[in-house]
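This is what each chain is made of:
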Amino acid sequence: MPVLGGPVTFARFRSEPGKKLHAPARASTGSAGAGGSDTRRWLAKGLTSGAFEPLDPSKGDEERAAGFVELEDHEATSFASVIQGEYALFAFRIDTLKVPGGAVRAELDRWASAFEKEQGRPATKREKAQQKESVRHLLRQRAVPTSRVHDVSLNLKRGQVQIWAASRKAVDEIVAALEGALDLKLSPLTPSALAAQAGVAEGALGPTPELVGLELSKGEVRDGEA
Amino acid sequence: MARREQARAEAAFQRGDAGVDGLPTEEERRDEAELEKEKAREQLLRGRTWLGRELLTWLLWRSESTEPVVELDGAGITVVFAGRLTLRGIAGDVTELVARGALAPYSEQVRRSLDAGLLVHQARLRIEHAEKVYEATLDAEFLDVRAGKLPELLTEEEDDRLLERLDLSERVSEIVDALVGAFLEVRTSRAWRKKTVPALKTWMREGAKAG
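Protein chains in written order, with the numbering used here: chain A, -18 to 207; chain B, 11 to 221.
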């Protein structure tokens, strides 16, 4: 687990309280008040609302489940001891369950040969389609979901958020989940965002032609930024 | 040649996609190059990535002196580029160049490429601050920290070690912010176009000549 050991890889954000966030929790996301009982309640409530719920292969057709889990126990979602020092530490778990197409085909071919021997005729398209569904269902029950877990550390005093993931897709998903569950606004700490925070006018920071190697029109730059 | 392959080649020739030699026509080759350039341009402009690239290029230039780039909490931050360096650009035919080797970042080949309009997109940095040494790979688009190495932990209790590790990780983040701050101060000043950019270009050309 990256927060606990190994090479350090994380995406960097600054958190600001969202519009709906109540006062005590607002105080704990950027200034004093970290670790108080209000903060614990706010975190537990928010993380529970977006908690991970495991896939049940016997029910439904869902192939993916994602949500918050505890840092050191990826099965636990009570979030009772989420605060350590000035940090809130938890993780985001993404499970996927896929039935390999090749396995379905192989199982179906075996069934089709046995059917032909037994019945003295090949199976019809409809019979094959029905069998395919039941094979898929059966294999799904036997399949083991693959699980990926990404740690999250939120400095309650300074409002810094670190998402310990290398994949940008995962980072974006976790940002959306955090903003929804904890009513936070996360801003990436990119040069552009830091310039905006420092009050630098957008137009003042166009590409430097001598370095980029050519002059880009303002319109092209504006369109390309989005 | 198999019959199916022959039919496919003939059809491509009929459509004008391939010449008599079976190779793609000039038009198709040009389209591919244009698509690549379009993609490179998108990558440069998306999320103002050029700012991150200019920052890393400026930092490479500043780091060569081995003097502190900026101070954070009273201690200087010294940066050395180490190992793999990725350059990207939109001006010429080369849109990406990867340089490997311990001294690659400061090599004449890299400086020549920078002079031709490529900028540093990703780099491995060794950072020294307050007698502690950190390592991290930074990319221009997000300035995420990748494969970072932290100074050795001093505490022994497991919980304390975790907090120390988190504090050091956050320190890396603060150092990156301080470097960005130093860059933005220069980048938004009048000196950027009048002094810094000409000095950068001179450094690039001097390196190229030295080779």
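These are computed hints drawn from the structure, not numbers from a lab.
Note that the Cβ used here is the ideal one computed from N, Cα and C, for glycine as well.
Keep in mind that the hints are not guaranteed to be accurate.
[Stated by the list, open to error] Across the chosen pairs, the derived CB separations fall in these ranges:
{"no.": "1", "chain 1": "A", "residue 1": "D153", "chain 2": "B", "residue 2": "E44", "range": "50 to 56 angstroms"}
{"no.": "2", "chain 1": "B", "residue 1": "A19", "chain 2": "A", "residue 2": "A124", "range": "29 to 35 angstroms"}
{"no.": "3", "chain 1": "B", "residue 1": "K49", "chain 2": "A", "residue 2": "A179", "range": "49 to 55 angstroms"}
[Unchecked claim] With a cut-off of at most 27 angstroms between alpha-carbon atoms, the simulated DSS-like pairs for lysine-lysine come out as follows:
{"no.": "4", "chain 1": "A", "residue 1": "K199", "chain 2": "A", "residue 2": "K26"}
{"no.": "5", "chain 1": "A", "residue 1": "K199", "chain 2": "B", "residue 2": "K49"}
{"no.": "6", "chain 1": "A", "residue 1": "K138", "chain 2": "B", "residue 2": "K142"}
{"no.": "7", "chain 1": "B", "residue 1": "K204", "chain 2": "A", "residue 2": "K199"}
{"no.": "8", "chain 1": "B", "residue 1": "K211", "chain 2": "A", "residue 2": "K138"}
{"no.": "9", "chain 1": "A", "residue 1": "K109", "chain 2": "A", "residue 2": "K98"}
{"no.": "10", "chain 1": "B", "residue 1": "K47", "chain 2": "A", "residue 2": "K199"}
{"no.": "11", "chain 1": "A", "residue 1": "K199", "chain 2": "B", "residue 2": "K142"}
[To be verified] Chain B is faced by these chain A residues, among others (derived, beta-carbon under 8 angstroms):
{"no.": "12", "residue": "T(-10)"}
{"no.": "13", "residue": "V63"}
{"no.": "14", "residue": "P169"}
{"no.": "15", "residue": "G184"}
{"no.": "16", "residue": "A185"}
{"no.": "17", "residue": "V193"}
{"no.": "18", "residue": "G194"}
These are the hints, each one checked on the structure:
Between A/D153 and B/E44 the beta carbons are some 29 angstroms apart, a value that contradicts the proposed interval 50 to 56 angstroms. Our hint of 29 to 35 angstroms for B/A19 and A/A124 is violated, since their Cβ atoms are close to 43 angstroms apart. Taking 49 to 55 angstroms as the suggested C-beta distance range, the pair B/K49 and A/A179 does not conform, at roughly 31 angstroms. Our distance criterion of 27 angstroms between C-alpha atoms is broken by A/K199 and A/K26, whose separation comes to about 46 angstroms.
For the proposed pair A/K199 and B/K49, the alpha carbon gap of about 19 angstroms is at most 27 angstroms, so the pair holds. Note on A/K138 and B/K142: the hinted pairing holds, with a Cα-Cα distance of about 24 angstroms set against a maximum of 27 angstroms. Between B/K204 and A/K199 the CA atoms are separated by roughly 21 angstroms; this keeps the pair inside 27 angstroms, and the hint holds. Under the criterion of a C-alpha separation no larger than 27 angstroms, the hint pairing B/K211 with A/K138 is inconsistent with the structure, at around 43 angstroms.
For the hint linking A/K109 to A/K98, the alpha-carbon distance of about 15 angstroms falls within 27 angstroms, and the restraint holds. Distance hint between B/K47 and A/K199 is fulfilled; the C-alpha atoms sit about 19 angstroms from each other, no more than 27 angstroms. As the CA atoms of A/K199 and B/K142 are separated by approximately 43 angstroms, the hinted pair breaks the 27 angstroms bound. The criterion of a C-beta within 8 angstroms of any C-beta in chain B is met by A/T(-10), whose closest approach is roughly 5 angstroms, and the hint holds.
With a least beta-carbon distance of about 13 angstroms to chain B, the hint placing A/V63 at the interface is violated under the 8 angstroms criterion. Annotation: interface hint on A/P169 holds; nearest CB of chain B at approximately 6 angstroms, less than 8 angstroms. Checking A/G184 against chain B: minimum C-beta separation of about 11 angstroms lies over 8 angstroms; hint violated. Hint status for A/A185 relative to chain B: holds, with the closest Cβ pair at about 6 angstroms, below 8 angstroms.
For A/V193, the suggested interface contact is upheld, since its CB lies about 6 angstroms from the closest CB of chain B, less than 8 angstroms. For A/G194, the interface hint holds, the least distance from its beta-carbon to any beta-carbon of chain B being 2 angstroms, beneath 8 angstroms.
The earlier numbered hints that this structure contradicts are 1, 2, 3, 4, 8, 11, 13 and 15.
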